[in-house]
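Colleague: Quick mapping for you: the protein sequence lines, in order, are chains E and A.
Start counting the first sequence at 868; every next residue gets the next number (the working numbering).
Start counting the second sequence at 868; every next residue gets the next number (the working numbering).
None of these hints come from the bench; they were simulated from the model.
Mixed in with the good hints there might be a few duds.
No copy labels: a pair is met if it fits in one copy or bridges any two.
To be verified - 30 Å max Cα-Cα, derived DSSO-like pairs, lysine-lysine:
#, residue 1, residue 2
1, Lys902, Lys988
2, Lys914, Lys1052
3, Lys903, Lys1025
4, Lys1056, Lys988
5, Lys901, Lys955
Given the structure is predicted, the values throughout are model-derived calculations rather than measurements.
2 protein chains.
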Amino acid sequence: MYYDLLLKSIAKHISLTEEEEQMLIAVLALKKVKKKQLLFQEGDIAKQAIFVISGCLRSYSIDKNGFEHILQFAPPGWWISDMQSMVKQEPGILYIDAVDDSEVILIQKTDLDKLYRDIPKLERFFRILAENSLATYQHRLIDNLSLSAAERYGNFCKRYPSLIENLPQKQVAAYIGVTPEFLSKMLNKIPAKK
Amino acid sequence: MYYDLLLKSIAKHISLTEEEEQMLIAVLALKKVKKKQLLFQEGDIAKQAIFVISGCLRSYSIDKNGFEHILQFAPPGWWISDMQSMVKQEPGILYIDAVDDSEVILIQKTDLDKLYRDIPKLERFFRILAENSLATYQHRLIDNLSLSAAERYGNFCKRYPSLIENLPQKQVAAYIGVTPEFLSKMLNKIPAKK
DNA sequence: TAACCTTCTTAATCAAGATTAAGTTTTTTG
DNA sequence: CAAAAAACTTAATCTTGATTAAGAAGGTTA
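Build out the structure end to end from the sequences listed, making use of the hints.
Modeller: Okay, here's the thing in structure tokens:
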């Protein structure tokens, strides 16, 4: 079923009974998203958590000059949201859209809050998830503070080898924090592979 | 008592019974830390969570040229750790030391894991903590990708007005991601206040 | 108080990466 | 399939911020 990936991902950290699984499943909604379709934009208040089943989403901000800066790519098995907006229920600063045609599972925040009461084990799952994610952002921030653009590009390739293949260069640039022009120049200077 | 601040911070999100509080307290250790004293360094495996009661700590990395890049300042009421090392129990990349003479509470990771079993509500507390922290890092990363040094300095002042006063400029520079020389030049160009 | 260490400042030079502006190739879509 | 849109490339010029190298000022400690 469409929610297998989600259950499998949960099972890595906690084990749910049959009934608990059913309670969870009862609250899930499958949604198909077309490439470039927006699921969230600046100013919205996040009302749902998004879990990617197929395809790929991204979250990004748009600065005062209209340039995009990508915070996260979410391939299958990943969660994506404007966390600040979700947690504080205030207007977000991010956009979330689909990089490719994708399928996602939506959980309403109100349902999730209910689930935390009915299945306290889920608190554990999402604690672990948030802590792992936190560790990843700490690393990325250190990278951005201490590495050159070329080194950041190298890390991106190492960490997300499957992404690099079918992402437009432009988006990789917006993730590592350089202009598309500079990334292009950089890659053609060190032509690594043909 | 020395653990009042910690209990108050927990009480903001969950409520513990008398017995639960006692179980928690039983596991806490107070530690006094001298200015510049190291609590964690690159290569260590994080065995304890650190909660600041007084003074201020910081976490930072040292790059291949010997320059420091500050990930976090932790004034009273904040937690600080090398999250990656804590979660995965692998060698960390950060250093943690005291900016001023400080007092901290230490909780051993093994005790914390036991507490999660005995007091499941704590999962909730630390989930909320991690999610808030995550939201903060997402914002900071977006700032680093999209703002100029001057704008980042402005944000730092707005967000941590109490820190800016008694931090050496050098450390602010290492936090916002510029050299001390550049920050000095920047501040003397726009002399804001006398 | 002297010596030392750390921080801050200034200034000249340098480099990483941005900007602008084409032109080219690839992909999408009617 | 043709047209349009998006992505990529190249190159010249410009800017932000790094590097280097002093010296000055402030704090700390013997």
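Colleague: Look at each hint and say if it fits the structure.
Modeller: Now for the hints, and whether the structure bears them out:
{"no.": "1", "hint": "Lys902 <-> Lys988", "verdict": "neither (35 Å within a copy, 40 Å between copies)"}
{"no.": "2", "hint": "Lys914 <-> Lys1052", "verdict": "neither (41 Å within a copy, 45 Å between copies)"}
{"no.": "3", "hint": "Lys903 <-> Lys1025", "verdict": "within (26 Å within a copy, 35 Å between copies)"}
{"no.": "4", "hint": "Lys1056 <-> Lys988", "verdict": "neither (52 Å within a copy, 55 Å between copies)"}
{"no.": "5", "hint": "Lys901 <-> Lys955", "verdict": "within (29 Å within a copy, 36 Å between copies)"}
Taken one by one, the earlier hints fail for this structure at numbers 1, 2, 4, listed in ascending order.
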